[in-house]
Each structure stands twice: as structure tokens, then as C-alpha cells.
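Student: Starting from the structure of chain A, add chain B where the hints point.
Quick mapping for you: the protein sequence lines, in order, are chains A and B. Reading the first sequence from the start, the letters are residues 1 to 331 in UniProt numbering. Reading the second sequence from the start, the letters are residues 1 to 331 in UniProt numbering.
Since the list gives no way to pick out one identical chain from another, each pair is judged satisfied if it fits inside one copy or across any two copies.
Below are the DMTMM-like pairs computed for lysine to aspartate or glutamate, each with C-alpha atoms no more than 25 Å apart in a straight line:
1. Lys267 to Asp235
2. Lys266 to Glu70
3. Lys143 to Glu191
4. Lys24 to Glu13
5. Lys266 to Glu13
6. Lys267 to Glu284
7. Lys252 to Glu224
8. Lys266 to Glu224
9. Lys266 to Glu277
10. Lys267 to Glu224
11. Lys143 to Asp208
12. Lys252 to Asp235
13. Lys267 to Glu57
14. Lys143 to Glu277
15. Lys266 to Asp107
16. Lys267 to Glu70
17. Lys267 to Asp55
18. Lys267 to Asp231
19. Lys267 to Asp107
20. Lys197 to Asp250
No lab work stands behind these hints, which were simulated from the structure alone.
There are 2 protein chains.
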Amino acid sequence: MQAQEITLASRPEGMPTQANFGLKQVELPALKPGEFLVKNLWMSVDPYMRGRMIDRESYIAPFALGEVLEGGAIGEVIESNHDGFPVGSKVSSMKGWRSHYVTDGTDHTLLPDTPLSESHFLGVMGMPGMTAWTGLNRIAQLKEGETLFVSAASGAVGSVACQLGLLMGAKVVASVGSDEKAEALKAMGIEQVINYKTTPNLSQALKDTAPQGVDVYFENVGGEHLAAALDNMNDHGRIAVCGMIAQYNDTKPTPGPSNLAYIIMKKLRVEGFIVFEHWQHYGEFAKQMGQWLASGKVKAEQTIYEGLDNAPAAFIGLFEGKNRGKMVVKL
Amino acid sequence: MQAQEITLASRPEGMPTQANFGLKQVELPALKPGEFLVKNLWMSVDPYMRGRMIDRESYIAPFALGEVLEGGAIGEVIESNHDGFPVGSKVSSMKGWRSHYVTDGTDHTLLPDTPLSESHFLGVMGMPGMTAWTGLNRIAQLKEGETLFVSAASGAVGSVACQLGLLMGAKVVASVGSDEKAEALKAMGIEQVINYKTTPNLSQALKDTAPQGVDVYFENVGGEHLAAALDNMNDHGRIAVCGMIAQYNDTKPTPGPSNLAYIIMKKLRVEGFIVFEHWQHYGEFAKQMGQWLASGKVKAEQTIYEGLDNAPAAFIGLFEGKNRGKMVVKL
Numbered sequence: 001m002q003a004q005e006i007t008l009a010s011r012p013e014g015m016p017t018q019a020n021f022g023l024k025q026v027e028l029p030a031l032k033p034g035e036f037l038v039k040n041l042w043m044s045v046d047p048y049m050r051g052r053m054i055d056r057e058s059y060i061a062p063f064a065l066g067e068v069l070e071g072g073a074i075g076e077v078i079e080s081n082h083d084g085f086p087v088g089s090k091v092s093s094m095k096g097w098r099s100h101y102v103t104d105g106t107d108h109t110l111l112p113d114t115p116l117s118e119s120h121f122l123g124v125m126g127m128p129g130m131t132a133w134t135g136l137n138r139i140a141q142l143k144e145g146e147t148l149f150v151s152a153a154s155g156a157v158g159s160v161a162c163q164l165g166l167l168m169g170a171k172v173v174a175s176v177g178s179d180e181k182a183e184a185l186k187a188m189g190i191e192q193v194i195n196y197k198t199t200p201n202l203s204q205a206l207k208d209t210a211p212q213g214v215d216v217y218f219e220n221v222g223g224e225h226l227a228a229a230l231d232n233m234n235d236h237g238r239i240a241v242c243g244m245i246a247q248y249n250d251t252k253p254t255p256g257p258s259n260l261a262y263i264i265m266k267k268l269r270v271e272g273f274i275v276f277e278h279w280q281h282y283g284e285f286a287k288q289m290g291q292w293l294a295s296g297k298v299k300a301e302q303t304i305y306e307g308l309d310n311a312p313a314a315f316i317g318l319f320e321g322k323n324r325g326k327m328v329v330k331l
Numbered sequence: 001m002q003a004q005e006i007t008l009a010s011r012p013e014g015m016p017t018q019a020n021f022g023l024k025q026v027e028l029p030a031l032k033p034g035e036f037l038v039k040n041l042w043m044s045v046d047p048y049m050r051g052r053m054i055d056r057e058s059y060i061a062p063f064a065l066g067e068v069l070e071g072g073a074i075g076e077v078i079e080s081n082h083d084g085f086p087v088g089s090k091v092s093s094m095k096g097w098r099s100h101y102v103t104d105g106t107d108h109t110l111l112p113d114t115p116l117s118e119s120h121f122l123g124v125m126g127m128p129g130m131t132a133w134t135g136l137n138r139i140a141q142l143k144e145g146e147t148l149f150v151s152a153a154s155g156a157v158g159s160v161a162c163q164l165g166l167l168m169g170a171k172v173v174a175s176v177g178s179d180e181k182a183e184a185l186k187a188m189g190i191e192q193v194i195n196y197k198t199t200p201n202l203s204q205a206l207k208d209t210a211p212q213g214v215d216v217y218f219e220n221v222g223g224e225h226l227a228a229a230l231d232n233m234n235d236h237g238r239i240a241v242c243g244m245i246a247q248y249n250d251t252k253p254t255p256g257p258s259n260l261a262y263i264i265m266k267k268l269r270v271e272g273f274i275v276f277e278h279w280q281h282y283g284e285f286a287k288q289m290g291q292w293l294a295s296g297k298v299k300a301e302q303t304i305y306e307g308l309d310n311a312p313a314a315f316i317g318l319f320e321g322k323n324r325g326k327m328v329v330k331l
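Next comes chain A alone, as it looks inside the complex:
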């Protein structure tokens, strides 16, 4: 049995390019007892993967040069010597970036029966949705009536954060990078949307949009967005720091905002988090989110690229703002 794998051919400097990725044919071994063969159906590309392409110590090990990449994936068991994972079952794993693989089931989860497309377990029902939920509930402790500002608001995490914010009774202000994304968010009920690319002064635009000030900022971007948020935070505001995508492709250090002293003056709490550390709450999240999706209270947008060989383009597209909602690759 042959499988295709996407490898890290070289470490990106700045924005990743196609040349940083390789395609490898591998011969899969025959199944041993307790093993099964998975055909991937969907794989995820996420901004955090950019960090794993750098050779440095971090919360997660860097990708190895020449080796297959990793990431969230949904697959179907097509051959099995494992009673827990019979042929036909659907599994969630971190074995993305490859067409097929053999496993003993370690770190694999069976998907529940659901009318949803399995791809949503890479998005709104998976890591990105859980990230939005964790940031608002467990980190920022958003309360009813407060004002929530979300950057990268049409992304996989941001678009869920905006919708959860509304469901939690907050006023939501969103920042996106195109008018088309703004319209899509408005169609989801997010009324206050700023296109930061056509706004001369983001801080002033945020002030005009939310004159009452911002109580919670869901930080996905960094840089100018963080500065604008700090300018507009209310006393005792909270900033849930989920990502700083503006900086992931920087080749030299980019200075931070000059208004960090607002952290003192406004008595702010700025807290970074990694969703995997909160995974014990996944059941609570999934129950709520499943109901919201079923009732249409949360809408799950996806941008779908087709074919494993398009996975690098999908990944690069994340940093070019090409996705609306969750970016996934259909294999």
C-alpha cells in the first residue's frame, strides 16, 4: 500500500512558500495485530503550525526537516486488526498531511454519530471552536452586557468567538481584512465590523465603534490590533491572548505596542493560553456547541481546498487572509 506524505523540505524564512514543502511516496507496512489502516478524508491547516516550522523550544516540538508534517485530521478506517476501531469508523487524529497511515490507535478518537460534516470536527467542533470557547469562558470570563472585541474575526477561531460572544450576551465588535469578510460576519449577526485594511486609524475606528469601551479583547493578531485594544480597554478589562498571526512570519523582531502602560492604569489582565491544556473541558464545550450548531445558533463557515497536494497552498493562504471560517483540505 502506497501513501503520499507532505514533508517539511526547508524551514520558511518569513512567509512560507511552496518550496518549503515536499511530497513523498511511502510504502506502508502490513498491519500487525492491534493495528488499523486509516484513509484521511480531511486535514486541517492552522496558523500555530507556522511556529512548529521554526527550530526552537516551545510548548510543542518543532517539525523535523524532511519528515512528514503533523496536524489535525479526520479519517476513515479502511482495514483493521483493532476491535475498538472497526472498518468504516471515523477517527480524529493529529496524523494530517498524509493520505493514509497505519496506527495502533494511540491519540485517536472515534467521532460520534452526527448529522454534521466530519470536517467540522477540525473547526467549530474541534480545536478552533474549543479555543474560542476556552478564551471567552475560562480565560477572559466574558460577562453578559460587556463589550467584546475580536481580531481576525472571520478566521476559524475568531468567527466562533464572535458568535459565542453574542450568545453570551455581549456586544461584539469584530475586525477583519476585507469587505467581503465583513459582509459575511454581518450575515451571522455581528453588526459592528471594522475592515482594518481600509481604516486609517484602527484605534480611532474602535473608539468610534465602541464608545463605551472594550471589556474583553480576544487577541489573534498582535501589533496594531493590540495597541488599538489597549487604547480602548475599560478598567479591569481582560485580554485573552490566543495568537499573534501578524508576527508569525516576521524575519526580524517587530516592536510591541508603545501603550503597554495601560495595563497598569486600567488594571488589565492579559493572559495567554494554549487550548490543549484545557482539553479536559472538551466534553462540556462539545455538548453546548453541538446544540448551538443543531439549532442554527452558531454557523460554521469553511474554506475548502481540494487534494493533498493543495495543502501547502491552503496553509500559505492562512497568512494571506484567503480563508473565511475554518480552512480545511479535502483529501
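Tutor: Relative to the frame of chain A, chain B by itself:
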């Protein structure tokens, strides 16, 4: 009865100068029923006062041009129509920067009987000591065995934070701006002291001094110190943001650190605070601190300037690093 008052003659641009201060003679009114006359014995100069010299909205109103300044003071009642404040009693107030004044006792506190110099109620037993205690206990939640990094460590707040850190069972690393200050801290039992002015690379120096990493950073300075701390923080570290004195005299915005993404990668909590919001815990603090001072477990350093007309020089001296421990003015 004549009193001298120091006024804000003009708003400083950059480092304050003598020209920003005025001296005014005022005639005090006769005492009405319920009022008393106070002769100030000590007054406090503190870095936060620099912020009140700027005409802007903040957690505390700006000083008015041409009006007497305000700040912590300890005085003696020398004439009284108020049973609660008899002649001879010592009071703590925010009526600094003046020789005498008449009051009805609003926001005045009687000092307890104590063998300490009353001046310590402006320092280790007052706002700066309470700030150190609040930052370590209530904001950063420093735990036994952790590593604490303190900047501006020979200042009024920093020198107490270092000593409390030791008492709480932490390893303490301090940063100061002169070898003389380093020696003084070492004499207090703080073994790991960095002179940042003679260190080519503060981040590397901190790494060399605390190879185990930093769990709690008590932030008084901002800028390069914050960057060095972020480089060296351990996972789930906490930064109690008390001040950013490096920036108080900036005339144009100074960029922040370029390594803020560590807030995510290391899952840090960065929290600003203003001690006045925690004042309901003063009793708990004062009981502990009084015992530590009495037993010699905390040493209270002071730098004393003499005479009301030297108050501006004392204040300016804060930003030139002229104080060791609490800077006070003896009237």
C-alpha cells in the same frame, strides 16, 4: 498662620525640572468647630505622581496648574477643634507638598503607637510596602520555591518586594542601576543582583543568574526589563505590573518589547494593579509587616531629603535613581 505650599507651575515635558514647581505662601483660615491644624513632619515623593502631572484621564485626577500638589504625608496636630484628632496626635494623609494645613479630618488616619519612625508609614508600612505585598500575594500569587525577578529592586516598592520574596520562600533575582545599590541589597540577603547599567545584555544576564527560569516578575520598569523577563519566564509565569518608570518621562511613544508572543507560548498572565483598589487588605498587611519589621526580618531603607523646598529635587531624583529604598522629605 502662614503655610508654604509647592505648586505645579508648569507641566513637565520629559524629565521634570525645578522650573515645573512653584512655591506659594498662603494664609491659613482660623479653625472652625470640628477642624484641626496639622504641621507636616514628613512627605512622600513617588513615581506615580509623574502621571498626575499630565493633563489626561487616568485612574486618578491630574494635578491642576498653579495649585498645590498632593501626596502622602505624616503630620502632627498642633491645634484642634476635633475630639478625634487631639493636639499631639500624628496623622497620615494625602496632604503632602505643604508645611501646614487646616482640615476637618476627611481621609485622615491616626497613626498607631509604634517604636518606628513615623516616616515608615510613607514607605514600608505605607503605600509602597502595601504595593509590594499586594503584587506578590494578590496579583502574582508567588509560591514557595519559585523564582522571583524584581526590577527597580532598590526602590521603595522593589526593596520590599525582594525581602518579602525571600520571606515567602522564593529565590530572588534583583535588578538595580548601580553597584552601590547592589551591595545594599546583598546586605539585606538578596544574593542575586544584576546591575543593568553595566550589563551588555540584560536578558542573557538574567538567564545566567536564573538558569531555572523566572516564575514571577514584579514589573516596575518596562522596556528592556520586560523584554528580558519575557525571554526568561517559565510556563504559567505571572507578571505583576506595578509600574513602568522607564517610560514616565518619555516625550514620544517608546515601542514595547518584540517578544510579546511569549505570553501565548508560555501561557503567561500579565496583570496590572493599583494598590488603592486593594486597601481593604491593609490591616492584614500591616499586621504582618509590623511583625517583620519588629523582628528585623524586613529592613526599611530610606533616602531622606530635608526641607519642603527640596521636595522637587527629591521627586526629580526618583527618575535619576538617587534613592535607595523609600524617598521621603523631612519638613
